[in-house]
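Fit chain B to the supplied structure of chain A, relying on the hints for placement.
First to last, the protein sequences are chains A and B. Quick note: the first sequence uses the numbering used here, first residue 1, plus one each step. Quick note: the second sequence uses the numbering used here, first residue 1, plus one each step.
What the hints contain is simulated information worked out from the structure, not anything from laboratory work. Note that the structure is predicted; figures quoted are calculated from it, not measured. C-beta atoms are modelled at their ideal positions from N, C-alpha and C, and glycine is treated no differently. A hint or two may mislead.
Keeping only pairs whose Cα atoms sit at most 25 Å apart, straight-line, the calculated DSS-like set for lysine-lysine is [unchecked claim]: (1) B:Lys-56 with B:Lys-24; (2) B:Lys-37 with B:Lys-79; (3) A:Lys-256 with A:Lys-241; (4) A:Lys-339 with B:Lys-56; (5) A:Lys-402 with A:Lys-442; (6) B:Lys-24 with A:Lys-63; (7) A:Lys-86 with B:Lys-27; (8) A:Lys-303 with B:Lys-57; (9) B:Lys-57 with A:Lys-345; (10) B:Lys-24 with A:Lys-124; (11) A:Lys-86 with B:Lys-34; (12) B:Lys-40 with A:Lys-124.
Selected chain A positions facing chain B (in silico; Cβ < 10 Å) [claimed, not checked]: (13) Ser-68; (14) Met-78; (15) Met-79; (16) Asp-82; (17) Phe-111; (18) Met-114; (19) Phe-115; (20) Asp-119; (21) Arg-126; (22) Val-130.
These stretches of chain B come out as covered by chain A in the derived footprint (C-beta under 8 Å, 3 or more residues) [unchecked claim]: (23) 38-52; (24) 64-72.
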Amino acid sequence: MQVYRGKSVFGGIAVGTISVYSREEQQVKRVKTEDTAAELARYANANETAIAQLAALYEKAVKEVGESGAAIFEIHQMMLEDEDYKESVENMIRTQQVNAEYAVAVTGDNFAQMFASMDDDYMKARAADVKDISERLISVLNGRGAQAVNTKEPVIIVADDLAPSETVQMDKDMVLSFVTVHGSANSHTAILARTMEIPALIGTDIPLDESVDGKFAVVDGMNGCIYVEPDEQTLKELKDKQKEEREKKELLLSLKGKENVTLDGRQIMLYANIGNVKDLATVLQNDAGGIGLFRSEFLYLEKEEYPTEEEQFAVYKTVAETMAGKRVIIRTLDIGADKQCGYFKLEREENPALGLRAIRICLARPEVFKTQLRALFRASAYGNLAIMYPMIANLWEITRIKEIAQEVKAELASQGIAYGNPAQGIMIETPAAVMISEELAKEVDFFSIGTNDLTQYTLAVDRQNPKLEEFYDAHHPAVLRMIRMVVDNAHKAGIWAGICGELGGDITLTQSFLEMGVDELSVSPGRILPIRKIIRETDCRKESEKSN
Amino acid sequence: MREFKYTITDPEGIHARPAGELVKAAKAFTCTIKLMKDGKAGDCKKIFGIMGLAVKKGNEVTMTFEGADEDAACEALAKFMKETL
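The shape of chain B in the complex, shown without the other chains:
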C-alpha cells in the first residue's frame, strides 16, 4: 500500500470540476484509490464519494493506493494534486 498527505491550496477546495478531473485521473488505474479527510474516506473513482467529503482550502487529505499499479497511481495522483489543487 502507498499513501501520501496533501494540504489543499486551491481557494475553492475540491469543487465539482476538479472532483471530476480527479475521478478521471483515478480511473486510469486499476488499484483502489481512497481520499480521506478527518477520518472519512471517499472512493476516488466515484464523484459523489469525493464531493461528499466537501474538501476545502487548508484541509489536509490523505490519499491511499492499494493494488497492482499502486506505485504509478501514487506518483500520478500526487502530481495531479499538486498542480490542480
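One chain only, chain A, in its complex shape:
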C-alpha cells in the first residue's frame, strides 16, 4: 500500500482504478514550405476551428460550472483572435517559410515566456493559458481530435495539472475523482469537482507513472489522502466510511417532505435565504417551507441605473408565484457598507458600516424607496409576500416607513392598480433595536434577527477584517442573550421571531434556539434538511415533563 497526501477541495470517498492522464506532448517539426499562401490559409482555417471549439466549450462549461467558471474559454477565444499573436504566426510563415505548426509553437512559447517573466504570480500563471490555446491550434493543424479519457468504467483521474479545456472535455460519468500534483483551490478543476460533488485532491505528492497507473485506489476527500493498492484493513475502514457517508446523505433525502416539528409538537418555520431569482430551484429542491430572506440588492447591483418599478414587480411576482402560496419575505434594499452601487453616487464614508446604508438610504431618498414599495405591494396580490425592513435602530423609523407605505397604497388605490396587504416586519440587527424590541414589537408583524450585523455591532468587530477573526465570536454570550431577549419581547406582543443570519444555519446552536422559543429559522438552502433533522430530534420540555 502506498499513501500520498494532498489538499482536499471536496470531501467524500471514491473507490476505483487510477488513470494517469498525461498530455501527449505534441512533437512539432520545422518544415520548410514554398507555398506560404497555402500555409497561411491552413492557419486561418485552423484558427477558425479552434475558436469554434472554444465557443462550444464555453457553452458546455456554462452549464457545468456557471458563467464565471466558463469565462476562461471566452478569454481563450480572444487570445486566438489577438492581432499580435496572429501577426507573429503569419509573419513567421511568410518570412521564414515554415509550416503553420512550427510558427504557432514558437509564437506560443514566446507569448508564454512573456507572461512567465512577469513579477506577478497571477500573470505568471497565465502562461498556461497561452500554452493551452497554442496546443489546441497545433492539434487542429495536425488533424488530431480533442484528447479524451478512454475508459469503459469510471476512473480516478491522476494528473500533473488539468487545463480548463481538459476537464471540460472529460466525460463526467467516467470520473470518480480528480487528483492533481499542482493546481489551486480556486482552479477550474476544483470548481468542477465541487459542482460534481466528487472528492478531489490538489497539491498531491503522487508520481505520474506506471507505479500508480491502472492500480486500484481509494481517494479520501475527508482527510486528503489517496491510498494506492490499500491493504485489506484500510480498504475496509474506508468502505465503511463511504457507506456511512452515503447513509447520511440518504437519511437527509428521506427527510424531504417531512414536517419541521419538535418532539414536543412545536411547528418551526424553516425557510431559505436567497439572493437571486436563479436560486429558486435550490429552494424547491431542498424542500424549504418558504423564503425567509430574499435579498433584493441583486436587482440594484446587477444594473447600471435604478431598476424600474416594472422590472422589480416582474421579479417579485415571479418569486411569489413560484413559491405558490408559501411565505416569501423580501428584504428591502440593503445597499451601502460592503455593498456599493455606483449610480447611487454615495459619498465616501469614513465608517461605511455605521454610515448611510439600508433603510437609512431609503428614508433619505424616499423616491427610490417608493418605487420598490410600489412593486412589492403590487406583487403581493400574486402570492404570500411579506416585506422586511433592514437596519432599524429607532422607533420613529417605523413610523416614517408606515407613512410612506400608506402613501404608496393610497397612490395605487387612486390609480386603480391592484395591490395586496403584505405582512411587514423588521430585521433586528442593531443592539439598539434589541434594547427597544419590546416597543418595536407592538408596531410590526414579525422580527427577523440578522446575526451577522448584530454580532459585528455588538462586539464592535469589523466582520470584513480577517485579522479580527479570533475576536468575532458568533457564539458570544452577549449575542445569544440578545436573541433570547428579542424572542421574549416578540412573544409578549404576540408576534413571531426568527433568525436569518449565519447563526440560524449553525447546527450546534439549533437546539438552544428552539429552547429559547425561536419560531423561524431562515438558512441557506443546503442547510434546510440537516436542520430539519435536528428539529425533529429536539424535545424542549423539561426533563420532568418528558416522562408524561
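This is chain B only, laid out in the frame that chain A set:
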C-alpha cells in the same frame, strides 16, 4: 484626441476576465484606443496587449482615443473603467 486618467480600485487589478471585457468594450468602436501604464502602452483591442501591462490595484493608467468616434468611445470606456475596475 481624447484621453482620461484612472486609478484602478479593483483589488485584483486588470485580470484576465476584466481584460477580456475591456477588449470587448473597445472593439465596439473604430478609433484607436490605447491603455498606458508607466510609459508603456497597450492596444485595448488586443488582450495580450492589455494583460502584458500587468495593471494592479492602485496603478494610475491613461487611456487615449484617436479616430472618428473618439468622443463616444471615451465616454463609454470611462464608464466601463469606473464600474468594472
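Original post:
If you check each hint against the structure, which ones fail?
Top reply: 24
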